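> Those protein sequence lines, which keep their order, are chains A and B. Letter 97 of the first sequence, counting from 1, is numbered 96 in my numbering, and no numbers are missing. Letter 294 of the second sequence, counting from 1, is numbered 1353 in my numbering, and no numbers are missing.
Bear in mind the hints are in silico, worked out from the structure with no lab data behind them. Predicted model only: the values in this text are computed from it and were never measured. Note that beta-carbon positions come from the ideal geometry of N, C-alpha and C, so glycine has one too. Warning: the hint list may mix true and false statements.
Derived contacts from chain A toward chain B, CB cut-off under 7 Å, selection only [what the hints assert, rightly or not]:
1) Tyr-12
2) Tyr-26
3) Ser-65
Anything over 10 Å on all C-beta distances counts as not near chain B; from chain A, calculated [unchecked claim]:
4) Met-99
5) Glu-109
6) Leu-111
7) His-135
Beyond 10 Å from chain B on every Cβ pair, some chain A residues (computed) [claimed, not checked]:
8) Asp-7
9) Pro-28
10) Gln-33
11) Lys-84
12) Glu-87
13) Glu-90
14) Val-108
15) Asp-110
16) Glu-142
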Amino acid sequence: MNTGGDADVQDLYQEVILDHNRRPRNYHPIEHAQKAEGYNPLCGDRVTVYLRVENGRIADASFQGSGCAISKASASLMTDVVKGKTLEEAEELFQRFHQMITRPPDEPVEDLGKLSVLAGVRQFPIRVKCASLPWHTLRSAAEAKHDVVSTE
Amino acid sequence: MSHVPLDVVAVRADFPILREQVHGKPLVYLDNAATTQKPQAVIDRLTRYYSEENANVHRGVHLLSERATDAYEHSRQTVRRFLHARDVQEIVFVRGTTEAINLVAHSYGRTHVGAGDEVLVTAMEHHSNIVPWQLLCEEKRARLRVAPITDAGELRLDEYEALLSDRTKIVAVVHVSNALGTVNPVAEMIRMAHRRSIPVLVDGAQAVAHMAVDVQALDCDFYTLSGHKVFGPTGIGVLYGKAALLDAMPPYQGGGDMISSVTFERTRYNVLPYKFEAGTPNIAGAIGLGTALEYVEALGLDRIAAHEHALLEYGTEALSQIEGLRMTGTARDKAGILAFVFEAVHPHDIGTILDREGLAIRTGHHCCQPLMDRLGVPATARASLAVYNTHEEIDALALALNRVREVFV
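With the sequences and hints as input, model every part of the structure.
Shown next, in the form of structure tokens:
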């Protein structure tokens, strides 16, 4: 067993993540939606999140943009799991997701279902911003802010 | 001596950090355009300064101050020789290239650029050679003009020349592009500008570790370098300026060392280069930089350039074999940079996978966002070479990039 190398990289780039990167779900704009743009100037990741909110509940969610595999897969998974949730539930999920990807690697993490494939990010602290950018942008879209969200 | 090829094994032994392991693998350091590693001689010189010589310069009558001042000024002599400048008074110590450019934009720029005037840069400039001029142009209601480049990353010299006019008050151009490796035809550019009496600043941050620079032969008016990109410490750099220009320029910052006498009514400024060195300078940094330049001189810039050129050709060939990889920056005259994008793999992901294989490269916009826009990419991956890199490290890079393909394709 090596001390780094392959095992760790595969922790990050799990098949599910690579699949979401190759074939992102909900990758389209939504007309007349609340939306926000997120930008990570460090790596040039750009994501636009669209939300259709009905009675405080997310009826539809989607995204578009360009970015690394981690940010794209995170956006893809996020838009899948927040559908049907209230804005408060989505916000709470973001908190739990953020905890999962920032917790030290030797501590146990909460099972967040589909989102758990991104738990490997915590071994790559530099990549936390990539995974969280879509969520920050979702928050901004929920608040119907139209400013560009920056991770810097 | 210079016909004897470089002994890269011996060179590597001079750099202790190259013995580090990264994620259990030998370090392959290919991020030299961001910063270079330091030879033992530089590390030792810093230790010796703080152990045996530390005092403020140009002030004390005591022995330590004399030692510190001698070492500091000796370093200025070394820089003068290294750049082939006429006189040490033309060598100003600053924090780095960024500060050097800001100094010129602030001091020369504000006294020579007015409303309706123009400052000319190129499309491949680093942010540090864009933003100081933008600030100047905003303040003076002047205009920043940009000489275009080709898809290969070469300056369009004819269009550059066409942009030179009576309104152009200064040209600021990068000698070697940090993002593409393009070596600009600065001598020709300077001749074209001088025919219209326009001064030229050359940003040499990325050049001086890779090729011999002669500021008198170039006839540039200003030349800048950063110590940490030429095996020296961070926080120290150099502004070279022609004495007549520097002499006529107002100070950049006020404070100690830059004055000859102060009363509350009037201050007389010190002579060059001290007029531009307000406050206690980075003494250790300047001394360490001198040692770094002496180290480079001893290796010989011709031999360094030949070694790196061979690596660059070898690397260009090796990378071009990798399916789906596209080089960015394919100028005919290049130095030290292998920049590329990978079909369907974001540079950030490339960087992470390479890191786990022990390879340090840079990914992102390389502080050249306008250039990335021109190339139509959000970011690139960049392997940048230095004298201590080897053919085996290029092989490791190619191998790791094939690994990236395996993960993603």
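> Each hint: holds or not?
The hints, checked one at a time:
1. Tyr-12: Constraint on Tyr-12(A) satisfied, holds at 5 Å.
2. Tyr-26: 15 Å, violated
3. Ser-65: 6 Å, holds
4. Met-99: Fine: 19 Å to the nearest Cβ keeps Met-99(A) off the interface.
5. Glu-109: 24 Å, holds
6. Leu-111: With a cut-off of 10 Å, Leu-111(A) remains clear of chain B, as the shortest Cβ separation is near 22 Å.
7. His-135: 17 Å, holds
8. Asp-7: 6 Å, violated
9. Pro-28: Non-interface label stands for Pro-28(A): nearest chain B Cβ at 19 Å, farther than 10 Å.
10. Gln-33: Gln-33(A) clear of chain B: closest Cβ-Cβ about 25 Å, beyond 10 Å.
11. Lys-84: 29 Å, holds
12. Glu-87: 32 Å, holds
13. Glu-90: 27 Å, holds
14. Val-108: Fine: 20 Å to the nearest Cβ keeps Val-108(A) off the interface.
15. Asp-110: Correct as stated: the minimum Cβ-Cβ distance to chain B is 25 Å, above 10 Å.
16. Glu-142: The assertion about Glu-142(A) holds, with a minimum of 26 Å to chain B.
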